[in-house]
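J.: Heads up: the protein sequence lines correspond to chains A and B, in order.
The numbering used here numbers the first residue of the first sequence as -7 and each following residue consecutively.
The numbering used here numbers the first residue of the second sequence as 468 and each following residue consecutively.
In case anyone wonders, no lab produced these hints; they're calculated from the structure.
Any given hint could turn out to be false.
Simulated pairs of lysine-lysine, BS3-like, Cα-Cα distance not exceeding 27 Å [stated by the list, open to error]:
{"no.": "1", "chain 1": "A", "residue 1": "K9", "chain 2": "A", "residue 2": "K59"}
{"no.": "2", "chain 1": "B", "residue 1": "K796", "chain 2": "A", "residue 2": "K59"}
{"no.": "3", "chain 1": "A", "residue 1": "K34", "chain 2": "A", "residue 2": "K178"}
{"no.": "4", "chain 1": "A", "residue 1": "K163", "chain 2": "A", "residue 2": "K49"}
{"no.": "5", "chain 1": "A", "residue 1": "K178", "chain 2": "A", "residue 2": "K163"}
{"no.": "6", "chain 1": "B", "residue 1": "K669", "chain 2": "A", "residue 2": "K9"}
If you're wondering where the values come from, they're calculated on a predicted model, not measured in any experiment.
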Amino acid sequence: MISKSYFSGIFGHSPIKPLQEHITKAVECAEQLVPLFEAVAKADFEAVEAVQQQASKLEDEADTMKKELRMHLPRTLFLPVDRRDLLELLRLQDNIANTAKDVCGLVLGRQMTLPDDLVEPFMGYVQRSVDAARQAKKTVEELDELVETGFRGSEIDVVHDMLDELDRIEKDTDNIQIRLRRTLRKQEKDLPPVDVMFLYKIIELVGKLADIAQRVGSRLQMMLAK
Amino acid sequence: MEYGLIYLILAGVFGLFMAWGIGANDVANAMATSVGSRVLTIKQAVLVAAVFEFAGAVLAGGEVTSTIRSGIIDSGLLVDQPDMLVFGMLAALLAAGTWLLLASAMGWPVSTTHSIIGAIVGFAIAGIGWNAVKWPMIGTIAMSWVISPLLAGVVAYLIFRSVQMLILDRRDPFTNARRYVPIYIFFAGFVISLMTMLKGLKHIGLDLTTTESYALAFAIGTVLGISGKLIINRIPVDPRLDREFHFANVERIFGVLMIVTACAMAFAHGSNDVANAIGPVAAVVSVVQSGGEVASRSPLALWVLMLGAVGIVLGLLMLGHRVIATVGKEITQLTPSRGFACELAAASTVVLASGTGLPVSTTHTLVGAVLGVGLARGIAALNLSVVRSIFMSWIITLPAGGILAIVFFQILLMIFG
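Kindly generate the complete structure, drawing on both the sequences and the hints.
T.: Here it is in structure tokens:
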């Protein structure tokens, strides 16, 4: 008479844990940008390639996790958050990994070099952008607590504080970006034009990373107010 | 009656087997919630279930048993053929048992209650005629199948919302849990014991007035609440637990509450589901003992209730523990703070139904309660396709039970008739 009980069937696969594992992977991929540009500063292209390989591998893994999670989100699943919000959050999280991988690929492909006086502000810029991704991860990690409290009460304040911090970090990257561009503009006449174009492009992409991290936060905020 | 003793023995064996099946399979749904949230170990769950299923069956199982014994079939039409009623009830037991075996082998969400009612109605229509069924009663029972999950859902929603407001959503949930959880324990003890006593405990020699019932229920609730408070006060805060998940310590306090609601759930299940096994037995016993008089108003014999209770406990001890373990592993999302809300809502609803004599499905009621907590955004993922298959099982079980009952009825007629 032993069989699988239909009662337990009412409980679906919780998407929370997989979602958190996904952003952990995506942020790990974004974190590769720090060793990447450290290698660039030293013009060590073997190291650049190693980092690019690693980022590419992490991005692949994140992609697999994304597909896996999507498969486990059938329409009959009743979630405490909007299913579309959840899928959009997942897409944005995946974008973090994609952007980081793109940067690595471009840097390796073009054997990017950094003018000496740009190294320090640029490293700070990358660091801050990665911070934004980490902060996004931190907020997504609060999702278990949000489910526990039923998306209400003082836990909401905790998450709002984290989101405010995320906004501050993103604003920081914006400001650093403006300064970086200004510095670069001053010396662009003395540099090879294609290198300059390329630098502008990379600056933009690194900024985009922080931007996406912030959008992860905004999507989470929308989930709170269902 | 020519074969009176044989009928009695057959009824006893079939009823015992049915009760055994309920204990082996059905109890798991009621108990797995507590095992899944790791409030009780398997051994403790089996012990709690054995004690409280037995208590529920013996103390509060009488009303539903009466409904199944004599509330569905208009036995006035069978005055001249008492054997027919005996065959019908035996056939219904066999049919429901067979259908349940098949359903559980296939993993269908079939309820014991629905099977036995379907089987009795099926036999009545085919064996006696359309008029033999007390349709208004069937209407009420069918309504109760819809209402009980809905009611449990609403109650679970409200309980969980109150938990959010009083404890989870506050700045210091741990302190608030310590303060309010004993009150929930009081509430659980008070409600369940009050409903049981208001319905009457004359059959075990306890004749209480309404006032006495309220006073005793209040006393039971208070004793439980205070004991709970003492246990909770001895739970230390373990900061290491909160590092990963900030509510781990709070959930430990809810765990104490969940022990109480697990008892309530087992009690409720015993009070309603024992009748599925022994309602037909009671019908056979009353016909045989009155020497073939169908419309006998003799009171329900206590030993019949005991038979059902023993059957459930036997099934539980022999196989139930394995089923509880299997089901429990799959229910990890129901942490104590929501598990208790589901159990309390479902148990109250089922005990209320038991007092009114309405046979409801404990598991479907529990599903309703889980959905109620889900609506309060309390559960990470619920699979709504199960709800659809439960609806389907409602539609299919009644005719299936009925058809099987007719088949067994004809076989019994050939053997004894």
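J.: Hint by hint, note whether the structure agrees.
T.: Consistency of the hints with the structure:
1. Restraint check for A:K9 and A:K59: satisfied, since their Cα atoms lie roughly 15 Å apart, inside the 27 Å limit.
2. Between B:K796 and A:K59 the CA atoms are separated by roughly 26 Å; this keeps the pair inside 27 Å, and the hint holds.
3. Distance check on the hinted pair: A:K34 and A:K178 sit about 23 Å apart at the alpha-carbon level, within 27 Å; holds.
4. Between A:K163 and A:K49 the CA atoms are separated by roughly 30 Å; this puts the pair beyond 27 Å, and the hint is violated.
5. Under the criterion of a C-alpha separation no larger than 27 Å, the hint pairing A:K178 with A:K163 is consistent with the structure, at around 23 Å.
6. Annotation: proposed proximity of B:K669 to A:K9 is violated, straight-line Cα distance about 53 Å (limit 27 Å).
Of the hints listed earlier, those the structure fails to meet are numbers 4, 6, in rising order.
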